[in-house]
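Chemist: Each chain is listed here by its residues.
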Amino acid sequence: MRTGTLKQILLITDGCSNQGEDPIAMATLAREQGVTINVIGVMEQDVIDDQGLKEIEGIALSGGGVSQVVYSQQLSQTVQMVTRKAMTQTLQGVVNKELQQILGGTKKMEDLPPEKRGEIMEVVDELGETVELDVLILVDTSASMTHKLPTVKEALLDLSLSLNARSGSNRFSVFAFPGKKVEVEKLLDWTPNLESLTTIFSKLSTGGITPTGPAIKEAISYFQQKKRSLRSMLSRDDEQFFEESI
Amino acid sequence: MMMNNSLKSLSKLSPGTVIHGKWHRNQYTIIKELGNGANGVVYLVRDSSRQVALKISDNPSSIISEVNVLKSFTKVQGSALGPSLFDVDDWETVGKQFSFYVMEFIKGPNLLTFIQQKGPEWLGVLLLQLLADLDVLHEKGWVFGDLKPENLLVNGPPIRVRCIDVGGTTIKGRAIKEFTEFYDRGYWGMGSRKADERYDLFAVAMVIINTAYPGRFNKTTGGISQLMGMVKQKPELNLYQSIIKNALSGNYQTAGEMRRDVLAALQPRKQKSDAGNQVKSRSQLHRNGAKRNVTKKKGGLFETALIILTLSFLYFFYIYVQIL
Ligand SMILES: Nc1ncnc2c1ncn2[C@@H]1O[C@H](COP(=O)(O)OP(=O)(O)OP(=O)(O)O)[C@@H](O)[C@H]1O
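Going down the list, the sequences are from chains A and B. Here the first sequence is numbered in the numbering used here, starting from 1 and rising by one per residue. Here the second sequence is numbered in the numbering used here, starting from 1 and rising by one per residue.
I should point out that these hints are in silico values taken from the structure, not numbers from a laboratory. A quick note: this is a predicted structure, and the numbers were derived from the prediction, not measured. Misleading hints may appear alongside valid ones.
What the hints assert, rightly or not - List time: in silico DSS-like cross-link candidates among lysine-lysine, alpha-carbon distance up to 25 Å:
| hint | chain 1 | residue 1 | chain 2 | residue 2 |
| --- | --- | --- | --- | --- |
| 1 | A | Lys-85 | B | Lys-71 |
| 2 | B | Lys-118 | B | Lys-194 |
| 3 | A | Lys-97 | B | Lys-194 |
| 4 | B | Lys-245 | A | Lys-85 |
| 5 | A | Lys-116 | B | Lys-71 |
Said to hold, decoys possible - If you want the ones that stay clear, here's a sample from chain A, every Cβ over 12 Å from chain B, calculated:
| hint | residue |
| --- | --- |
| 6 | Asn-18 |
| 7 | Glu-21 |
| 8 | Glu-32 |
| 9 | Glu-44 |
| 10 | Leu-91 |
| 11 | Pro-114 |
| 12 | Glu-115 |
| 13 | Glu-132 |
| 14 | Asp-134 |
| 15 | Lys-148 |
| 16 | Val-184 |
| 17 | Ser-202 |
Unchecked claim - Which stretches of chain A does chain B cover? Using the computed rule of at least three CB atoms under 8 Å from a CB of chain B, they are:
| hint | region |
| --- | --- |
| 18 | 153-164 |
| 19 | 170-181 |
| 20 | 190-197 |
Glycine included, C-beta positions come from ideal geometry on N, C-alpha and C.
Let's have the full structure, built from the sequences with the hints guiding it.
Modeler: Here it is, written out as structure tokens:
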């Protein structure tokens with residue numbers, strides 16, 4: 001089965017974009033290129049307005065991912081839940097495609113009687129445990145996010161704890177928007193764990209604008225840039241393994 | 001708390017609503033909601049003859065995952081792991097499809113409520129039952145994962161603790177599927193989220209602590225120092241102090257080891273008829289019991305024999321009482 005590396009963008013924001021391209025268009029673009037976008041809306045005491053909520057749901061829907069609005073205290077659990085849910089969703093999609101080739105037509109798992117779904121779900125579970133995962137984290141650092149950033153940092157450290165318990169490998173990178181002089185700034189290059197975040201986050205400066213669209217666009221291109229010949233060889237081995245296991 | 005829109009609509013099913021199974025054609029009439037969470041809503045329903053519990057979700061994969069676990073529990077003979085599974089099906093309604101499974105309705109309060117109502121002396125017995133179940137579960141290659149009072153219902157009489165919500169139940173060696181921060185060793189900075197026996201035993205220790213802190217508490221420094229600091233502030237946790245410490249530190253390799261120490265802790269320490277000498281050896285026995293698997297101290301042969309003898313006597317006594 002073809003799974004390769006799962007590519008996810010995790011967008012953490014507290015409201016509406018106000019500069020540059022339409023983030024929903026950019027999310028659609030991401031999906032076209034095999035990158036899933038998940039969005040987490042962080043609230044404090046305040047509530048996210050309707051427009052912000054619509055944007056959050058819209059980005060995730062167009063980006064093939066999952067969205068969730070939470071109070072900042074619940075951020076850690078949500079971040080890991082959303083990421084896992086999106087992984088399952090993507091893998092489910094891969095497995096469904098495979099099923100369609102075997103069964104023909106537009107059959108999905110839900111079209112099979114419940115008795116037949118168990119084994120399929122086992123395969124999805126196993127893929128979720130072993131697949132390689134790249135998560136690019138996009139943090140909104142506009143002014144209203146300032147006091148939520150310590151919680152965001154904790155949540156991200158917690159996410160790497162969760163994902164690193166899997167046997168498949170993970171890579172994380174972190175971007176902030178707006179950046180110091182640019183719309184989007186890279187804080188952390190691909191790395192298997194997020195420990196180094198601790199120092200980076202304390203140096204973050206926050207800005208006034210929220211260029212969500214441009215940030216997503218930049219993030220997609222960052223996925224495209226990297227080359228990794230050795231890793232792709234490794235993942236081909238995995239594919240063979242998956243083929244046998246189904 | 002965290003629900004998407006279609007889950008919200010699922011939690012509004014009013015009593016009397018009939019859920020029709022698409023594949024097996026069974027019908028279930030809703031009596032009331034039992035609870036809801038991240039993975040779905042659980043209803044008390046009536047089928048043709050009895051009351052059962054039905055968990056429904058808009059996410060077929062989470063339903064099937066849980067069904068897979070429950071099915072594998074059914075194969076464990078004579079065990080009380082999780083509720084028994086009766087049916088799995090889909091419900092098609094106004095253009096939407098939901099998945100559900102039907103299970104045994106476990107009537108009773110959760111562990112915390114039960115102990116608050118009936119008294120702290122029940123904690124020990126319930127721990128013995130829970131640890132025996134976990135031992136079987138672990139032996140079958142599973143780790144329960146999301147262990148917390150809400151997922152431990154006390155059914156009976158005869159009083160029996162039962163685990164519900166297998167949403168977090170994970171194959172040993174994989175990443176824990178679902179957890180709750182307070183009971184999660186990763187949250188406290190005390191280990192990974194890879195499923196192993198010790199992960200569940202950590203959660204059991206947190207459940208014990210939870211009985212003295214029903215409102216839970218937040219992480220400050222985390223680690224063993226914060227947790228044991230909290231334990232020492234509560235005299236009612238004295239009895240379990242060394243057990244808690246061992247479980248939190250990952251010193252117990254199996255639920256059976258922890259169970260033996262709980263059993264030892266529950267023995268009367270002073271009895272009028274006991275000679276002073278004996279009292280001393282009993283309390284020593286207790287202390288050794290708690291440390292046995294930890295420091296691997298070599299005791300005298302006589303002492304070991306005495307421990308084994310006393311423990312097996314107490315164990316038989318316990319079984320005898322259970323049968324009664
Ligand atoms: N078999 C059962 N018998 C009686 N009550 C049940 C049963 N199953 C679930 N419940 C009740 O429903 C509640 C929610 O069920 P469950 O924990 O399975 O849902 P969940 O969506 O996985 O929740 P969580 O987010 O806590 O994991 C439980 O706390 C319990 O009170």
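Chemist: Beyond 12 Å from every Cβ of chain B: is that where the Cβ of Ser-202 (chain A) lies?
Modeler: holds (19 Å)
Chemist: Minimum C-beta separation from Pro-114 (chain A) to chain B exceeding 12 Å: can you confirm that?
Modeler: violated (4 Å)
Chemist: For the pair we were handed, Lys-118 (chain B) and Lys-194 (chain B), check the Cα-Cα distance against 25 Å.
Modeler: Distance of about 36 Å is beyond 25 Å: violated.
Chemist: Find the nearest Cβ of chain B to the Cβ of Glu-44 (chain A) and say whether that gap is larger than 12 Å.
Modeler: holds (17 Å)
Chemist: Say whether it holds or is violated: Glu-32 (chain A) keeps its Cβ farther than 12 Å from all Cβ of chain B.
Modeler: holds (24 Å)
Chemist: Holds or violated: is the Cβ of Val-184 (chain A) farther than 12 Å from all Cβ atoms of chain B?
Modeler: holds (29 Å)
Chemist: Take a quick look at whether Lys-245 (chain B) and Lys-85 (chain A) sit within 25 Å of each other, Cα to Cα.
Modeler: The given pair, whose Cα atoms are some 34 Å apart, is violated under the 25 Å limit.
Chemist: Are all C-beta atoms of chain B more than 12 Å from that of Leu-91 (chain A)?
Modeler: violated (9 Å)
Chemist: Taking 25 Å as the top limit, are the C-alpha atoms of Lys-85 (chain A) and Lys-71 (chain B) close enough?
Modeler: Holds, at about 23 Å.
Chemist: Straight-line Cα separation of Lys-116 (chain A) and Lys-71 (chain B) no greater than 25 Å?
Modeler: It holds: about 13 Å lies between the C-alpha atoms, which stays within 25 Å.
Chemist: With 12 Å as the threshold, tell me whether Glu-21 (chain A) passes as away from chain B on beta-carbon distances.
Modeler: About 27 Å separates Glu-21 (chain A) from the closest Cβ of chain B, which puts it past 12 Å; holds.
Chemist: Check the non-interface label on Asp-134 (chain A): least C-beta distance to chain B beyond 12 Å or not.
Modeler: It holds; Asp-134 (chain A) is separated from chain B by about 17 Å at its closest Cβ, greater than 12 Å.
When the structure is compared with the earlier hints, violations turn up for hints 2, 3, 4, 10, 11, 12, 19, 20 and for no others.
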